[in-house]
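Protein sequences appear in the order of chains Z and W. Residues 13 to 245 in this note's numbering are what the first sequence lists, from first letter to last. Residues 13 to 245 in this note's numbering are what the second sequence lists, from first letter to last.
No lab work stands behind these hints: they were computed from the structure. There may be inaccurate statements among the hints.
DEER-style ranges, computed between Cβ atoms [said to hold, decoys possible]: (1) W:212 / Z:198: 32 to 38 Å; (2) Z:188 / W:228: 56 to 62 Å; (3) Z:245 / W:222: 41 to 47 Å; (4) Z:227 / W:187: 57 to 63 Å; (5) W:69 / Z:131: 34 to 40 Å.
Even for Gly, the Cβ is constructed at its ideal location relative to N, Cα and C.
In case you want the letters, here they are:
There are 2 protein chains.
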Amino acid sequence: MPASLSISADHRFAAVHAAPSRLAWAIPSAERRDGGFAQAGQLLHFLPDAEIYADGCDNVSFYKVVSGVVRTCKFRSDGRRQIDAFYLPGDMFGFETGAEHRLSAEAVSECAVASYRWRGLDAIASADDWTARQFLSYALQNLRRAQEHSLVLGRRSASQKVAAFLIDMADRGPAGQTIDLAMARQDMADYLGLTIETVSRTLSQLEREGLISLPSARRICITNRIALHRLSS
Amino acid sequence: MPASLSISADHRFAAVHAAPSRLAWAIPSAERRDGGFAQAGQLLHFLPDAEIYADGCDNVSFYKVVSGVVRTCKFRSDGRRQIDAFYLPGDMFGFETGAEHRLSAEAVSECAVASYRWRGLDAIASADDWTARQFLSYALQNLRRAQEHSLVLGRRSASQKVAAFLIDMADRGPAGQTIDLAMARQDMADYLGLTIETVSRTLSQLEREGLISLPSARRICITNRIALHRLSS
DNA sequence: CGTGTAGTTGAGATGCGTCAATAGTTGTGG
DNA sequence: CCACAACTATTGACGCATCTCAACTACACG
Numbered sequence: 013m014p015a016s017l018s019i020s021a022d023h024r025f026a027a028v029h030a031a032p033s034r035l036a037w038a039i040p041s042a043e044r045r046d047g048g049f050a051q052a053g054q055l056l057h058f059l060p061d062a063e064i065y066a067d068g069c070d071n072v073s074f075y076k077v078v079s080g081v082v083r084t085c086k087f088r089s090d091g092r093r094q095i096d097a098f099y100l101p102g103d104m105f106g107f108e109t110g111a112e113h114r115l116s117a118e119a120v121s122e123c124a125v126a127s128y129r130w131r132g133l134d135a136i137a138s139a140d141d142w143t144a145r146q147f148l149s150y151a152l153q154n155l156r157r158a159q160e161h162s163l164v165l166g167r168r169s170a171s172q173k174v175a176a177f178l179i180d181m182a183d184r185g186p187a188g189q190t191i192d193l194a195m196a197r198q199d200m201a202d203y204l205g206l207t208i209e210t211v212s213r214t215l216s217q218l219e220r221e222g223l224i225s226l227p228s229a230r231r232i233c234i235t236n237r238i239a240l241h242r243l244s245s
Numbered sequence: 013m014p015a016s017l018s019i020s021a022d023h024r025f026a027a028v029h030a031a032p033s034r035l036a037w038a039i040p041s042a043e044r045r046d047g048g049f050a051q052a053g054q055l056l057h058f059l060p061d062a063e064i065y066a067d068g069c070d071n072v073s074f075y076k077v078v079s080g081v082v083r084t085c086k087f088r089s090d091g092r093r094q095i096d097a098f099y100l101p102g103d104m105f106g107f108e109t110g111a112e113h114r115l116s117a118e119a120v121s122e123c124a125v126a127s128y129r130w131r132g133l134d135a136i137a138s139a140d141d142w143t144a145r146q147f148l149s150y151a152l153q154n155l156r157r158a159q160e161h162s163l164v165l166g167r168r169s170a171s172q173k174v175a176a177f178l179i180d181m182a183d184r185g186p187a188g189q190t191i192d193l194a195m196a197r198q199d200m201a202d203y204l205g206l207t208i209e210t211v212s213r214t215l216s217q218l219e220r221e222g223l224i225s226l227p228s229a230r231r232i233c234i235t236n237r238i239a240l241h242r243l244s245s
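Given only the sequences and the hints, what does the whole structure look like? Please build it.
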């Protein structure tokens with residue numbers, strides 16, 4: 013693992029990077045097998061809010077998150093931003109069939125991603141079984157996440173949206189009741205189709221109701237998972 | 013084409029079924045090549061609102077719409093329904109990696125679908141290039157649609173949602189400015205995260221503003237596509 | 001210690017949901 | 001062909017959840 017990927021222990025997002033289960037899952041696979049995935053993955057390093065690719069730019073690569081968190085988003089003509097998805101270590105993003113990307117991808121936290129040259133559908137389909145299977149698996153995982161995101165955005169109250177987000181983050185992050193968010197309130201708001209004020213108010217309300225506690229802005233402890241889960245579904 | 017698939021010309025959804033470009037695309041491929049797609053597709057016929065598969069039931073098949081329109085949806089504990097997607101002739105739906113379906117699929121109109129036995133990711137990955145490529149193509153198409161649905165649901169006004177829906181339906185349906193909707197207002201509302209009252213009011217408002225005309229409840233003519241498109245994006 | 005950014009809280013405005021009534025459409029039977 | 005019932009869609013009035021605008025607080029950093 014290159015030195016550039018080591019994150020100081022006191023970094024605010026250390027919990028995300030240091031998640032043992034995730035690293036064990038992401039890094040070895042990148043080292044062991046990704047050499048055979050489409051083309052040897054090049055490791056790229058991004059600072060927070062750095063752009064990985066822009067909406068409209070050539071679709072030449074897709075990516076795997078090695079460490080940190082990535083968001084894909086769309087900027088609307090009124091200046092607002094809609095976040096399509098968050099990608100955590102081990103997740104893949106950026107595969108599209110068109111010639112251009114239809115979303116932007118940005119680093120939420122300091123992060124490292126492996127890039128793979130996109131050679132089109134035929135290249136994947138005619139690749140070896142393992143490669144094709146991996147690609148399909150990631151595509152279907154992203155499809156499932158997008159569908160669930162739609163269901164959350166569809167017809168739900170602010171508290172249901174926030175609860176669903178917290179449950180999702182808790183499930184995807186390191187085990188335990190503590191969530192160390194890599195993203196700001198504005199990211200949560202843009203992901204859930206709410207304003208930062210509503211997100212903030214909703215978190216405060218959930219804390220008053222005893223479902224969560226907020227030791228700091230970016231750290232959230234789930235104190236009543238049953239109730240939070242029931243609220244979210 | 014079996015007699016059971018012929019639809020009388022005066023049927024209310026005739027326009028969808030009779031769309032020449034769609035039939036030319038959907039039916040021949042089902043006849044010519046789908047014999048090699050995973051396993052010979054069995055043709056199934058459904059009446060409006062019939063259930064194709066239910067949320068939670070075994071994930072043993074995926075499907076291709078031959079004629080008519082299909083919706084996938086989730087029923088929430090409060091009795092509300094969220095529609096995840098509409099599938100038109102030529103679209104494929106129902107592929108998931110889990111052992112159970114996480115959504116229900118229902119016929120919106122009278123429709124015919126071809127079913128394919130789901131043998132898991134490995135079967136697809138190790139299939140011939142053409143089959144793997146087709147499956148991937150459909151998966152990525154559905155992923156793109158789900159992402160765009162999320163963006164629409166995210167942070168948009170009722171009129172923007174309805175406009176985006178109309179533009180999407182116009183693009184996917186037969187060419188021209190006339191849309192013959194297969195679905196009821198309740199379906200539109202559940203798809204867009206609105207109520208039927210708001211959908212109805214919004215359509216009336218768009219008509220007053222001269223963007224569309226409403227010859228009948230299920231038929232919508234786009235009279236100012238530029239403005240409608242600008243509103244939707 | 002001062003400054004800038006992120007987050008929280010409050011008050012008022014508004015868009016959409018809810019409930020209710022009306023109008024239109026489809027299908028059935030006389 | 002008409003009468004009626006059942007269903008779908010439209011329109012109106014009102015309430016509420018969220019947005020908007022604004023002030024305040026907490027925290028990181030030089």
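Okay, the hints, checked on the actual structure:
1. W:212 / Z:198: 32 to 38 Å: At roughly 34 Å between Cβ atoms, residue 198 (chain Z) and residue 212 (chain W) fall inside 32 to 38 Å, so the hint holds.
2. Z:188 / W:228: 56 to 62 Å: Cβ of residue 188 (chain Z) to Cβ of residue 228 (chain W): about 57 Å, so the range 56 to 62 Å holds.
3. Z:245 / W:222: 41 to 47 Å: The hint (41 to 47 Å, Cβ to Cβ) holds, given that residue 245 (chain Z) and residue 222 (chain W) are roughly 43 Å apart.
4. Z:227 / W:187: 57 to 63 Å: holds (58 Å)
5. W:69 / Z:131: 34 to 40 Å: holds (37 Å)
In this structure, every one of the numbered hints holds.
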